[in-house]
Structure formats: C-alpha cells, structure tokens
Amino acid sequence: MLKLINIDDKSGEITLISRLDYEKHKKFEILAVPIEAGEGIEVVTIEVEDVNNHSPTFPKEKIEVFLLKFGQMRTIMSFQFQLNISEFARIGTAYPLPQADDRDGKNFTIKRYRIVQGNVNNVFKISTRTVHGALYADLVVNGQLDREYRDKYELIVEAIDGGKPPKVGRLYVHVFILDANDNAPIFTQPRYGISVSANLTVGSQILHLKATDGDIEENGRVRYRLRKVGNSTYFLSNCDSEVHTRSRLWAYQTQTRFEDMPPLFSLSPNGVLSSTARLLPGTVHDLIVVAYDGGVPPLETTAIVTVTVLGTSLTAPAVDIIWLTDSGTAHFLENITLGTIVARLSLNEEQKDCVVTLSGCPSLCLRQSQSSSVYLLLVCGTFDRESSSEYHLKFSLKRGTELVLDHPVILSIGDINDNTPVWPQAYAHITLNRSTSAADQTTVLVATDADQGLNGRVRYSVLDSDIIAIDPNTGRLNLLKELDCSLGAELRFRVRAADGGMPSLSTGQ
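The letter at position 317 of the sequence shown is residue 317 when you use the numbering used here, and the numbering goes up by one with no holes.
Hints are not guaranteed to be accurate.
Pairs of lysine-lysine, DSBU-like flavour, derived with a Cα cap of 35 Å [stated by the list, open to error]:
(1) K125 with K111
(2) K106 with K125
(3) K210 with K125
(4) K152 with K27
(5) K167 with K26
(6) K125 with K164
(7) K106 with K24
(8) K152 with K3
(9) K167 with K111
(10) K27 with K10
(11) K10 with K26
(12) K26 with K210
(13) K481 with K152
(14) K125 with K481
(15) K26 with K3
(16) K106 with K27
(17) K24 with K111
(18) K106 with K26
(19) K394 with K352
(20) K24 with K3
(21) K164 with K111
(22) K26 with K152
(23) K167 with K24
(24) K125 with K152
(25) K481 with K394
(26) K125 with K167
(27) K152 with K167
(28) K24 with K10
(29) K398 with K352
Simulated from the structure, these hints should not be mistaken for lab results.
Could you build all of it, start to finish, from the sequences and the hints given here?
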C-alpha cells in the first residue's frame, strides 16, 4: 500500500504516488496515530472507484501471426470456438458458448451478447442466463438447418460490458453442420426405356442406372435393387447379392416349368442391369428399380425401366458369344494378362459367309480360328479401370460391303488394388490452441484412393504419437491429453493412410 500512496507526517496529507488498480485494491484502510501530543487514533478508509478499463475476454484464446509484405509481422489475438450441430437440430435447441470474463466491477461487467457477423438467414440467435451473478450465453438454433445448402457458419459473437461507451470482446464461433439422412436418392429420370435384340448375349449389360444423393458418407452412398412388379417374381441371390426377376410369360410360351425357369434380368448393387437368360422376341418387361441410401433408416426412390425385346421369331442368333471369363459375362479385372482369350464367337449357318469386325475397345482383338465361322476375342492391350471402367463394344457382321447386323455388348472392367492412397500435400500444418481443451481440438486429414470399393476405402492411423489420435474412418484428429509448454512450439507426428485391399497399400504424411 505504501507504494501507492504517501502520507505527510507533518500535515497528514495523503497523496497518490502510483496508479491505482480497482481490480487489485478496491479499498484502503489507514490507521492514523499522532506522533506528538494528541488524542485518539483515526481510521481513514479510502475507496477506489472503478472505471471501465477492461474489455471482455473469452477463454478460447488463439494467436494468429500474419506475414505481410517486406517481411513485416503482425500478431492478432482472437478467441476461437467450434461447434458441431446436426442439420436435424430442432429450432430452440441451445448450445452453451464459452463464458466471457470482464475484470472490471459489477457496474462495468458483461451486460449482453450479440451476433455481429456470419449469421446467414438468422438461423441462430443468442439467449442469456445468469448463474451466480455471471451472465452466460447460449447459441440457439433459430431456423431450419440444411447441410446441403450450407455446411459451415463463421459467426462472430460479441460480449458487451456496461461502460459508456461500452467495451466489447469477440468470439469467433466455427459452426459445422453435420449431415443427417434427409435426402432420398434421385434418378436422372423417372422412367427409362430401352430396346434390345432377342439375340442379345446372355450376361450382356443392358443399362447402367444412376441416382444421386445430396447427403454425404453412408447417408449419400446409393445402392440398387429390383422390386416385385405385376406377376413377376424377384429373389435375392446369395452368391453375388444381385436381385433377379423371373417372368411367368416365358414359362408359359416355352412350355417350361416356372420353378425351373432361368432368371431373365439382374440388377447389381451399383446399378448395372443385365440379361441372365435368352429373351423372348416381342415381349415387354416393366421393371421397378429401387435406389436406396446407407442411412439408418435408409431412404429410397423408384424408377420404371421398360425393356422391349425386338424380333418376331425364336430363330437362332446370328452371333453367339460365349464369355470365357471367371464370371461367364462381359466382365474381367483390369490386370488381365495380355493374350488371354476372353470370349468365343460363332456364326449360325446363314451367316457363315459374313466377316465379323469389332469396334469400341482398342485393347481387344478378334482372331478368326481354323473354322471360318468361329472367332476368338483376345486381350491385346492394357486396361485401367480408373481411366475407363466401361466399354461399349460393337460386333459388326458384313457380307461384302453390306452390313448384316450390329451386335452391341457393354464390357465392364473390374478393379484391382493398384492405387495407393494419396495425400493432397506432403506435409500438413495444423494450428492447435494450447488453451483449448483436448476434446475441442478437431482437425480432419483426408487422403484419396482412386480404386473402387474396399480397394479405395481409406483408413487412418497415427504412427508415433501418444498425444494425437485419429478416427480410422473419417481422419478426424483429436488430442488425447492437454498440451503443455514442455512440448515446445511445434509437435511433429506421422499419419498413415491405408486402403482396404488385399494386400493393403499405404502412404504416410
């Protein structure tokens, strides 16, 4: 106290010799004792009046250093906070914000909070509550959230004290909108119509359906199946998880027992509609296809596919193609060996004098066998599914200059695990706040893999740190414990991204 005030021992005058600070000393009591003759002892009380000399502050502190032109440095202190809110959050749902603090007295303490920037369409508002004399703020959902419209909000929240003029403190609130399964898949069109030849090769791909889903991850992952329609029967094949249909019409017209009849169509989970048996000329098949997502529960939508089989008779096909692939269909893996025979083509008696040519795929070649009516389809080039996963082949029969027949076939190329996960950059620089709790520290690292299915599904792991953890599926980093000064200003660790192939391929960052 003697460092702040001075008492003249002769006059008793009290003078100020140093700046007062209300937040440290609100009151002084001085005991005045006469040195010479006099009576009584006086107690002098000095009360310090508060002034509004402190701005509100938030506990989530972050120092940002900006490098300006000519090597100049500028340091800005801000306060950061992150919230993850589901797009299904109901209006009125409240999320607590960090409490602001003001070191001034009660007259100049925090009186209110407000959002001053980033509140697009006023989807949020601030509500306050007083607990033990302190004013707390909650961020309240004030409108319908839609991640597909906006997946992130950068809010600036101000705490305002009672000064005149008031002082303010700012909190930067990063609101990430989490996906909910609120979008059903949408087909490119509600109805599809396609005509195929009655001579269509069994196993040929007829149509590749496509539906999109505005959600992300499993909520947006679309799969396909067939639904029962009319008097057709659909059943699930245990071997390949494809859905098949059997038409009683075929059984009736071919005098085949319905129970022994082969399936006519199949729809794979990735949307490829194929023939699985000889088709009856002149018949029309209406199929209901279902696209459904991976949400819980899943959302689905339907479309109609009408397959019209051309031709008026059940004559033998002009070209008979037998696929010698493992699947027995027009499908093989991208690493197929050069020179492999993938199919055998034979012409019927009426077309023996025709010449067969192939177009649509430079990596396949036709070779005529010793029999003039038999051709072999060989691999004469390389395939890369990531460059082209599908080829539209066309086998053309010509008699001299006359085109007798065009026979289309869709060839699909299967994936192998030939691509390593790739990081967008060799090194990732992340800012972590030492004053933020470990639970609030979140950063996402994402690597991509050009392969398909499990071969392209990336999982993450941290190699050499007991402080940092990573979600193996999403790549979200989390602190396992609070940071302390003993770790220094920089923390280095490696993250491994590995795909689901057998064997797995991986890369580090």
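So, going through the hints one by one against the coordinates:
1. For a cut-off of 35 Å, the pair hint linking K125 to K111 stands: about 16 Å separates their Cα positions.
2. At most 35 Å may separate the alpha-carbon atoms for a hinted pair to count; K106 and K125 meet this at roughly 25 Å.
3. Among the hinted pairs, K210 with K125 is inconsistent with the structure: their alpha-carbon atoms are about 41 Å apart, more than 35 Å.
4. Between the alpha carbons of K152 and K27 the distance comes to roughly 49 Å, so the proposed pair goes past 35 Å and is violated.
5. At roughly 21 Å between alpha-carbon atoms, K167 and K26 fall within 35 Å of each other, so this suggested pair holds.
6. A hinted pair counts as satisfied when its Cα atoms are at most 35 Å apart, and K125 with K164 qualifies at roughly 25 Å.
7. Restraint check for K106 and K24: satisfied, since their Cα atoms lie roughly 14 Å apart, inside the 35 Å limit.
8. Among the hinted pairs, K152 with K3 is inconsistent with the structure: their alpha-carbon atoms are about 53 Å apart, more than 35 Å.
9. Restraint check for K167 and K111: satisfied, since their Cα atoms lie roughly 11 Å apart, inside the 35 Å limit.
10. A hinted pair counts as satisfied when its Cα atoms are at most 35 Å apart, and K27 with K10 qualifies at roughly 24 Å.
11. For a cut-off of 35 Å, the pair hint linking K10 to K26 stands: about 27 Å separates their Cα positions.
12. At most 35 Å may separate the alpha-carbon atoms for a hinted pair to count; K26 and K210 exceed this at roughly 73 Å.
13. Note on K481 and K152: the hinted pairing holds, with a Cα-Cα distance of about 27 Å set against a maximum of 35 Å.
14. A hinted pair counts as satisfied when its Cα atoms are at most 35 Å apart, and K125 with K481 qualifies at roughly 33 Å.
15. For the proposed pair K26 and K3, the alpha carbon gap of about 15 Å is at most 35 Å, so the pair holds.
16. Distance check on the hinted pair: K106 and K27 sit about 15 Å apart at the alpha-carbon level, within 35 Å; holds.
17. Note on K24 and K111: the hinted pairing holds, with a Cα-Cα distance of about 22 Å set against a maximum of 35 Å.
18. For the hint linking K106 to K26, the alpha-carbon distance of about 12 Å falls within 35 Å, and the restraint holds.
19. In summary, the hint linking K394 to K352 is supported, as the alpha carbons are separated by about 18 Å, within the 35 Å threshold.
20. Restraint check for K24 and K3: the C-alpha separation of about 13 Å stays at or below 35 Å, so the hint holds.
21. For a cut-off of 35 Å, the pair hint linking K164 to K111 stands: about 12 Å separates their Cα positions.
22. Taken as a hint, the K26 and K152 pair is broken in the structure, with Cα atoms around 45 Å apart against an allowance of 35 Å.
23. Note on K167 and K24: the hinted pairing holds, with a Cα-Cα distance of about 20 Å set against a maximum of 35 Å.
24. Only pairs whose Cα atoms come within 35 Å are accepted, and K125 paired with K152 is accepted, the gap being roughly 16 Å.
25. With a C-alpha separation of about 63 Å, the suggested pair K481 and K394 falls outside the 35 Å cut-off, and the hint is violated.
26. Between the alpha carbons of K125 and K167 the distance comes to roughly 21 Å, so the proposed pair stays at or under 35 Å and holds.
27. Distance check on the hinted pair: K152 and K167 sit about 29 Å apart at the alpha-carbon level, within 35 Å; holds.
28. For the suggested pair K24 and K10, the alpha carbons sit about 29 Å apart, so the restraint of at most 35 Å is met.
29. A threshold of 35 Å between alpha carbons decides the hint, and for K398 with K352 the separation of about 11 Å falls inside it, so the pair holds.
Figure legend: structure checked against the earlier numbered hints; hints not met, in rising order: 3, 4, 8, 12, 22, 25.
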